[in-house]
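2 protein chains.
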Amino acid sequence: MENSRLEMNRILHSGGVRFDGYHAGGCHLSAAEVISILEPMVSEVRQVRIGQVISERTYSIAPVVEGLVNTGNVSAVMRTSEGLGFQPFHVIRNEVKFKKSVRTSQGAHKWLDVSIWENTPACTAGLKAQGYQIVVTYLDDGAIPLSEIDLTIPTAMVFGNEKFGVSEAMLAAADFTAILPSPGFVQSYNISVAAAMSLFAAHDQRVKQFGRNGDLSEAELIRLRADFYMRSVNHSEDILKRHLGV
Amino acid sequence: MENSRLEMNRILHSGGVRFDGYHAGGCHLSAAEVISILEPMVSEVRQVRIGQVISERTYSIAPVVEGLVNTGNVSAVMRTSEGLGFQPFHVIRNEVKFKKSVRTSQGAHKWLDVSIWENTPACTAGLKAQGYQIVVTYLDDGAIPLSEIDLTIPTAMVFGNEKFGVSEAMLAAADFTAILPSPGFVQSYNISVAAAMSLFAAHDQRVKQFGRNGDLSEAELIRLRADFYMRSVNHSEDILKRHLGV
Numbered sequence: 000m001e002n003s004r005l006e007m008n009r010i011l012h013s014g015g016v017r018f019d020g021y022h023a024g025g026c027h028l029s030a031a032e033v034i035s036i037l038e039p040m041v042s043e044v045r046q047v048r049i050g051q052v053i054s055e056r057t058y059s060i061a062p063v064v065e066g067l068v069n070t071g072n073v074s075a076v077m078r079t080s081e082g083l084g085f086q087p088f089h090v091i092r093n094e095v096k097f098k099k100s101v102r103t104s105q106g107a108h109k110w111l112d113v114s115i116w117e118n119t120p121a122c123t124a125g126l127k128a129q130g131y132q133i134v135v136t137y138l139d140d141g142a143i144p145l146s147e148i149d150l151t152i153p154t155a156m157v158f159g160n161e162k163f164g165v166s167e168a169m170l171a172a173a174d175f176t177a178i179l180p181s182p183g184f185v186q187s188y189n190i191s192v193a194a195a196m197s198l199f200a201a202h203d204q205r206v207k208q209f210g211r212n213g214d215l216s217e218a219e220l221i222r223l224r225a226d227f228y229m230r231s232v233n234h235s236e237d238i239l240k241r242h243l244g245v
Numbered sequence: 000m001e002n003s004r005l006e007m008n009r010i011l012h013s014g015g016v017r018f019d020g021y022h023a024g025g026c027h028l029s030a031a032e033v034i035s036i037l038e039p040m041v042s043e044v045r046q047v048r049i050g051q052v053i054s055e056r057t058y059s060i061a062p063v064v065e066g067l068v069n070t071g072n073v074s075a076v077m078r079t080s081e082g083l084g085f086q087p088f089h090v091i092r093n094e095v096k097f098k099k100s101v102r103t104s105q106g107a108h109k110w111l112d113v114s115i116w117e118n119t120p121a122c123t124a125g126l127k128a129q130g131y132q133i134v135v136t137y138l139d140d141g142a143i144p145l146s147e148i149d150l151t152i153p154t155a156m157v158f159g160n161e162k163f164g165v166s167e168a169m170l171a172a173a174d175f176t177a178i179l180p181s182p183g184f185v186q187s188y189n190i191s192v193a194a195a196m197s198l199f200a201a202h203d204q205r206v207k208q209f210g211r212n213g214d215l216s217e218a219e220l221i222r223l224r225a226d227f228y229m230r231s232v233n234h235s236e237d238i239l240k241r242h243l244g245v
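Sequences listed follow chains A and B, in order.
Under numbering that gives the first Met the number 0, the first residue of the first sequence carries the number 0, and numbering increases by one thereafter.
Under numbering that gives the first Met the number 0, the first residue of the second sequence carries the number 0, and numbering increases by one thereafter.
The set of hints was computed from the structure by calculation and includes no laboratory data.
Among the hints, a few may not be true.
Same chains, same names: a pair is fine if it fits in one copy or spans any two.
Unchecked claim - Think about it this way: if two alpha-carbon atoms lie no more than 25 Å apart in a straight line, the pair counts; the simulated BS3-like pairs of lysine-lysine are:
#1 Lys109 / Lys240
#2 Lys162 / Lys109
#3 Lys98 / Lys109
#4 Lys162 / Lys96
#5 Lys99 / Lys162
#6 Lys240 / Lys207
#7 Lys96 / Lys109
#8 Lys109 / Lys99
Please read all numbers here as calculations on a predicted model, not as lab measurements.
Using the sequences plus the hints, can you model the full thing?
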C-alpha cells in the first residue's frame, strides 16, 4: 500500500494553475503544439481514453477540503471528485499536522488541478475572484437542504475537519451552509460519505440541467488534453525543452 | 475505539424480523401495550426524538452488503443507511472471514433491522418473497445508469465484496445491474462511497416523488416505536416478562 504522506508531498508539486501551454527559457509552446509533439508518445487507446475523460470534465464544481487531519480522507474525496469529472481540487492546510492513512487516491490526484493553500482567507478570496459561490456542508440551524441549492452555477463545495468542521473564516466566506438529509439517529456522516453524497448531488443536478456534466469549450479541451499528455508521457518536460532547444 | 468484531457479534443477536409485539412464555403483549409499559422509562426528549426518526423511516429501501471482508465497510454502509432512514439492513456472509477495522457504525446497527444471511440464495429468495426488486451496483457493459432505475418502488440495493464485487448467484437474482457515474480515470469507488451515492440517490428519488422519505402506516409506526422503546430501555425484556408474570 502506498504511503499517503509521500503522496501528499507529490501533490504539492503538481500545482493548481490551469495549463495554457508550455513555458521554458523565455520560449513558449501553445497547447496545440504540445499535443502535436507529445501525441506520438501516447498510445491510441490512451488518446481515446483521454478524449472520453476530458469530454466529461468541468471546472464548474470545485471541491475544497479544509483542515483535514487524515490524508486518507483527502485521498477519498479526491478519488470521488476525479471519478465524477470535477477538475479543480483545493486543499486548505491551516497548519494541520497530517495523520497518515493507508487509503490512497488511487492515482486520482494525478489527473486533478490540485491547489494547496496555507490558510482559508487566501483560498476563499481566490475562489470568489474566479466567480465561485461557496457552499459549506455544515450541521447548523440556519443550514438549508443541499437539494435546494443551485449547484448548476460555479460552486466551491467545502468539507471541513473531521472533528471540528469548517473554520469561522470559512463560515464567514460561505454563501450557503447546506445540510445533507440525516433524519436518523446518526446525525453526521464521515467526510468521505458526506463528500460522496454532495458531489454526486452536484453531478446529478448538472446532468439533469445540461444533459451532461462536461462543459469545456473547444479551447479548454485542447488545453486540458495538452496538460494530460504532459502528465501521461514520461519526461515530457525534457522532451518539450529539447524541442525548444532550451 | 470499539472493536468491530464484537460489534458484528452483537448484531447477530438483534435479528431482522419486524417487531409485532412481545412474546414470552406463551403470552403476548401488543406493540401498544409494550409502549404503555415502557414509556414511563423513556425520557420525554427521547420520546420526541424517536417520533421524529420513525416519521422519516421506510422499509421500502433495503440495503444489502454481500461478502464484505472489512467490518469497517459494513459499519460505514450501516451508518449511511440509518442516517438516511432505511430500516432494513441485510448482511450476506458467504463464509467470508472478517477483517477487523477501527471504524464503527457509530451505534447505527442498534436502530436497524439487521438480518444476517449465511449465503446469497437464501437472502435473495427472502427479498423477492417480500416484493423487493434487486438492484446491484456493478461495473458491467449491460449496466444502466442508476438514475434511470425507479427507486421509488421497494428496492434492495446490493453492494458487493471490496475486491470481487457481487457473486454470480447475486447477479443471477438481480433485476437490474446499475452503474454510478464515473467518467473520470478512476473507474470505481470504494464501497462506502458507492453506497453513499446510491442510497442518497434512492432517498432523493423518494423525496422528489413523495415529498418525504418516511412512509410507515400508523400501525407500523406503533410497532416501530414499541421496538425502539425496547431497544432504548435497559433490561426491557425483564420488565415485560415481569409484567406478564412469566
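Checked hints:
Proximity of Lys109 and Lys240 under a CA criterion of 25 Å is satisfied intra-copy only: 22 Å inside one chain copy versus 62 Å between copies. Taking CA atoms no more than 25 Å apart as the test, Lys162 paired with Lys109 passes between copies only; the shortest distance there is 23 Å, against 28 Å inside one copy. Within a single copy, Lys98 and Lys109 get their C-alpha atoms as close as 21 Å, which meets the 25 Å cut-off; across copies the closest is 30 Å, which misses it. For the homomeric pair Lys162 and Lys96, the shortest alpha-carbon distance inside one copy (14 Å) is at most 25 Å, but the shortest distance between copies (32 Å) is not.
In this assembly of identical chains, Lys99 and Lys162 lie within 25 Å of each other by CA distance both inside one copy and across copies; the values are 16 Å within and 23 Å between. For the identical chains of this complex, Lys240 and Lys207 are neighbours neither inside a copy (44 Å) nor across copies (55 Å), given an alpha-carbon limit of 25 Å. For a Cα distance limit of 25 Å, the shortest separation of Lys96 from Lys109 inside one copy, 23 Å, qualifies, whereas the shortest one across copies, 34 Å, does not. Taking identical chains as interchangeable, the C-alpha atoms of Lys109 and Lys99 lie at most 25 Å apart only when both belong to the same chain, with a minimum of 19 Å there against 31 Å between chains.
This entry does not satisfy hint 6, going by the numbered hints stated previously; all others are met.
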